[in-house]
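> Listed below are the residues making up each chain.
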Amino acid sequence: MTATTPESQLDALIACPTCDALHHVTVVIPGARARCHRCGTTLMAPRTGAMTRIVMLAATAAILMVAAVFFPFLELQAGGLSRQSSVLGAVLAFSEGWMMPLAVAVGAMIVALPFARLLAITYALAPMALGWRPAAQAERVFRWAEAMRPWAMAEIFILGVAVAMVKVAGLAKVTPGPAFWAFAALVLVTVLKDNFMCRLTIWKTLEERRRS
Amino acid sequence: MENARRTQAVLTARRAGLVGCTGCGKVHAAGDTVCRRCGASLQSRDAKSLQRVWAWLAAGMVAYIPANIYPMLLTTNFGKTQENTIVGGAIELFLHGSWGVALIVFAASVLIPIGKFIAIGYLALSARSKVVIRGHGRQHLYEVVEFIGRWSMIDVFVVAILSALVRFDFAATVNPGIAAVSFALSVAFTMISAQNFDPRTLWDAYEEDDT
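First to last, the protein sequences are chains A and B. When we follow the UniProt record's numbering, the leftmost residue of the first sequence carries the number 1, and every step to the right adds one. When we follow the UniProt record's numbering, the leftmost residue of the second sequence carries the number 1, and every step to the right adds one.
Accuracy of the hints is not assured; some may be wrong.
[Said to hold, decoys possible] Every beta carbon over 10 Å from chain B, so not counted as near; a handful from chain A, in silico:
{"#": "1", "residue": "Val28"}
{"#": "2", "residue": "Ala112"}
{"#": "3", "residue": "Gly131"}
{"#": "4", "residue": "Trp132"}
{"#": "5", "residue": "Arg209"}
[Unchecked claim] From the derived model, a few chain B residues whose C-beta atoms are all more than 12 Å from chain A:
{"#": "6", "residue": "Ala47"}
{"#": "7", "residue": "Lys48"}
{"#": "8", "residue": "Gly79"}
{"#": "9", "residue": "Ala119"}
{"#": "10", "residue": "Val166"}
[Said to hold, decoys possible] Facing chain A, a subset of chain B residues (Cβ under 10 Å, in silico):
{"#": "11", "residue": "Arg14"}
{"#": "12", "residue": "His28"}
{"#": "13", "residue": "Gly39"}
{"#": "14", "residue": "Phe94"}
{"#": "15", "residue": "Val105"}
{"#": "16", "residue": "Val156"}
Quick caveat, the hints were computed from the structure, so don't treat them as lab data. Using N, Cα and C, we set each Cβ at its ideal position, and we do this for glycine too.
Could you put together the complete structure from these sequences and hints?
What follows is the structure, encoded as structure tokens:
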């Protein structure tokens with residue numbers, strides 16, 4: 001093959017993103033999983049109705065995020081004193097003086113980026129779940145969503161909350177508020193959604209719908 | 001490693017004179033620079049990728065030093081201020097009998113970061129050597145590093161929640177220490193370092209071996 005290989009011939013191939021091995025594109029039936037024959041990376045794992053489920057779960061998680069930010073998150077009681085904190089309170093813990101950049105980073109990692117990622121996924125995939133053509137700039141928006149993935153740390157935050165609760169358990173009584181449960185549910189929904197997401201299948205579908 | 005025997009028959013995009021997209025898997029002719037499907041930039045092998053890996057790794061290791069020397073948490077009880085470093089906090093939890101949580105904190109803030117430094121360094125070193133080392137082992141190591149690295153951030157979040165909650169003026173107050181900043185930086189730098197690593201280089205040794 002040379003550089004003049006026609007595009008149609010290239011479209012019949014897929015290169016493993018992890019090890020660069022070439023594969024012929026075949027139809028993968030929903031529920032099955034196509035793995036790279038050299039390194040074992042999952043190439044395609046389509047699921048029936050995955051688009052619809054991803055969009056619904058992403059929208060659910062985005063709504064839960066709004067609740068998680070505005071409702072009281074945790075309440076601490078010790079010796080007649082009580083103190084409430086919201087998720088934003090945890091972000092603003094670093095807002096004093098020169099630690100401000102860390103407050104911005106924490107806010108991005110536990111609220112802004114997970115929320116932006118959910119909105120981006122909904123924007124890029126919702127038209128396709130409805131059987132329409134992809135929205136304008138859907139490719140760019142989905143690429144952003146993929147780039148945000150490692151930096152959206154909602155699930156790590158909720159484990160951090162659990163550790164913090166154990167740390168103060170001996171000294172004070174901690175009561176989780178509605179935002180705590182919203183946040184916990186949001187993490188579960190996000191994990192469920194990511195299980196349905198197959199990057200290569202989504203890219204392939206985006207391309208096919210764009211052409212039709 | 002039964003798959004290792006089969007690797008000799010593998011045709012990679014680079015060998016076929018093509019470029020594969022690491023974002024979406026689409027195959028392009030050698031000269032293309034931007035993926036036609038997902039818009040990501042294309043590079044058969046990024047020659048400067050290892051340099052960036054080393055640079056970010058070094059930055060991460062440097063930031064990890066003040067993270068351990070300076071206090072992570074400042075606890076004030078009736079006017080007395082106690083400073084806790086990362087390791088100090090884990091030891092205190094352990095002495096209080098919360099072994100499970102002490103283990104989580106110790107793993108997330110000591111074992112994982114140091115293990116990551118060693119793992120990324122090893123992967124970056126081994127990517128240069130032309131000797132065939134077990135590809136699957138290194139592949140798994142890379143996947144573990146990518147997956148587990150971000151979990152180290154848990155310690156920063158614990159500090160944030162404690163400082164937001166424990167604010168009973170004179171009786172008890174918790175404030176974040178300077179180490180929280182350098183620890184967060186260290187975790188972020190090593191995450192960027194791992195992201196810059198091109199796992200395709202781990203498999204290239206096989207090709208050069210059988211040509």
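> Evaluate each hint against the coordinates.
Consistency of the hints with the structure:
1. Val28: Consistent with the label, Val28/A stays out of reach of chain B, its closest Cβ about 13 Å off (over 10 Å).
2. Ala112: Given a closest Cβ separation of 15 Å, the condition holds.
3. Gly131: 20 Å, holds
4. Trp132: Holds, since 19 Å exceeds 10 Å.
5. Arg209: Since the minimum Cβ distance to chain B is about 12 Å, Arg209/A lies beyond 10 Å and the statement holds.
6. Ala47: The assertion about Ala47/B holds, with a minimum of 15 Å to chain A.
7. Lys48: With a cut-off of 12 Å, Lys48/B remains clear of chain A, as the shortest Cβ separation is near 18 Å.
8. Gly79: Holds, since 16 Å exceeds 12 Å.
9. Ala119: 16 Å, holds
10. Val166: 7 Å, violated
11. Arg14: With a closest approach of 6 Å, the Arg14/B hint holds.
12. His28: Holds. Min distance 7 Å.
13. Gly39: 5 Å, holds
14. Phe94: For Phe94/B, the interface hint is violated, since the closest Cβ of chain A sits about 12 Å away, which is over 10 Å.
15. Val105: Since the shortest Cβ distance to chain A is 6 Å, the answer is holds.
16. Val156: Where the cut-off is 10 Å and the nearest Cβ of chain A is about 7 Å from Val156/B, the hint holds.
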